[in-house]
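Residue numbers (my numbering), protein chains in the order written: chain G, 1 to 355; chain C, 1001 to 1255.
For the record, the hints were derived by calculation from the structure and aren't laboratory data. Treat the hints with caution; some may be incorrect.
Unchecked claim - FRET-style restraints, in silico, Cβ to Cβ: (1) G:Leu119 - C:Asp1229: 49 to 59 Å; (2) C:Leu1112 - G:Ala100: 17 to 27 Å; (3) C:Leu1112 - G:Phe36: 32 to 42 Å; (4) C:His1146 - G:Ala326: 37 to 47 Å; (5) C:His1146 - G:Trp252: 53 to 63 Å.
All C-beta atoms, glycine included, are put in the ideal place defined by N, C-alpha and C.
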Amino acid sequence: MRVSLMRVSPLRAGLARDVAVAVAGLALLLALPMLFPQPALRDFLIYFFAYGLLAMSLNLLVGLTGLVSFGHAAYFATGAYAFGLLMQSGLVSIPVAALAAVGGTALVALVIGAICVRLKEIYFSFITLAFQMFIHSVIVTWVSLTGGDQGLRGGIPRPPILGLDLNDARVLYGTCAVVFVLCILAMRQVAQSPFGYTLRMIRDNPARANFLGVDVTAMKLGIFVFAAAMASVGGLILALFVSGAYPEFAFWTTSGEAIFMIMLGGMKVFLGPLAGTLLLQTLNHYVTIYTEHHGLVLGTVILVIVLGLRRGLADVLYDWLQARRARRAAASDPVPGSFEPAPLADGALIKGRTV
Amino acid sequence: MLRVEHLSKSFGGVRATRDVSIDFPTGSLTAIIGPNGAGKTTFFNLISGHVRPDEGRVLFDGADIVGLSSLEVVRRGMARAFQVASLFPSLTVREALTAAVVSHLRASGRVLSRFPVAAAGRRADEIMDLLGLDPKADVLSANLSHGDQKLLDIGLALAMDPKVLLLDEPTAGMGSEERWRMIGKVHRLWEVTGMTVLFIEHDMDIVFKIAQTIHVLKYGAVLAQGTPDAIRRNQDVIDAYLGTDHRLSETVGEA
């Protein structure tokens, strides 16, 4: 085992672990509806996939790069509308429409991002919000194309792809789950790549990163476009599921919810925003059953978490685990002087751990 | 390697740099000294592309680099460390250095490989070894002691494999003993790498001990330049900066 570890490059070792986690996660997601066959669970999870991708991709900007975007839902909506319109045209298959929608959203984000990422801090937040409201206005006013405030109606056709009939709710669910897990895996790879660590430098100290030869603007634009593309996949899943697209997708409250999800879940842990998505979705789901004042209840819960914990749930768990690990390390402190180096990139020092 | 000619910069009415011309030969170790507000840090900002001079030229490797962004200047091979260590608080020492090397290798945009890239990791290890930071490799930058933060700041600059290294008060905020240890490391670094090193320093004992050449700035202009011995005897410098009661001037009298 140890010998094999030494041979595996860090790329393969890290990627192999992530792929293993992804496969396990996918297996769980696919097993859940079999164990609990109520359609409501499937529907709930598809919403979770869509908003989970929105929150996760937003956290690439907020948590990883330090760019607090208030307008991330714009790309969620762009993906949904582009996909819906392409499918309604009846000219293309689902995969082609999906790729075109994601690519188109990336192009829109490239243009908008090229302007936004030059601005700092609150100005960045405001201009992303402004562009989102612009896109929302376009959707609402261009009635002939988008159906205006009624949304994209008439349903989105789901022609079969490679023998998969997406009109079957179970197939639709499975397809969405696979796409969701693949996107999460792609985001994980980006976060753990040299690019991802460059973004951490920019988050911590952009001026210093610049003095170390990092093209800060280009890097920010890169992650802005990638995050938008990932958000558009979320929108696409939602459009496919609800068989339509609505201006609310592009409204600022959708971006706000994504920020809530990140705050509730936490941004230190990679999957933290998903915990927040689950929490917010569950709250939305149950609270609306019992009361029409669901905003009040939601607000209270968020206040309690923000004021009480001052960080997201996953962060609480992470900090607790770190503290426990530190305590254990202190308790089982080896003989002083026998300092153990952490495994190096090439794993050359791993054999030091056999002691 | 580096030559500045007639460099001037004003901020409003304040002339921070006045007609400064200095030549820094390849492989030299030069100290910039001067009282507070003499324009030392501004001088560094001007040559590193952070601030654009009003007049004058900065010749780096024979080419005028005035007007280039700080990014381009870094890429040509001039790196700097800061008076207040400028770090990445949430990264460990190893991560920060490796990420800096990745940037130097122009691999910052890579998404298909995993961090740390092996070649960058090895170079980061070399730098930690050179500076004696290896026991702190897995400590978060934010949790380092002041001295180690200053070392890491220099380490980040070293990751650029610079031809010219600018050190803005490497010993700022340190106790006497720590200062000597720090400057010892800087000196060794200079000997080992053969870089052209410029440093700003307040501690005269240190400056006179290690610098080959000293340039004294006052009110943004060069008051004097020369070897430590020459500066020690220079009456202008004694009057303006060292003060007649400075014990170095006494030793001059004895000598």
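Hints and how they fare:
1. G:Leu119 - C:Asp1229: 49 to 59 Å: holds (53 Å)
2. C:Leu1112 - G:Ala100: 17 to 27 Å: holds (23 Å)
3. C:Leu1112 - G:Phe36: 32 to 42 Å: Roughly 38 Å apart at Cβ, these two residues keep to the hinted range, so it holds.
4. C:His1146 - G:Ala326: 37 to 47 Å: violated (23 Å)
5. C:His1146 - G:Trp252: 53 to 63 Å: violated (44 Å)
Checked against the numbered hints listed earlier, the structure breaks hints 4, 5; every other hint is satisfied.
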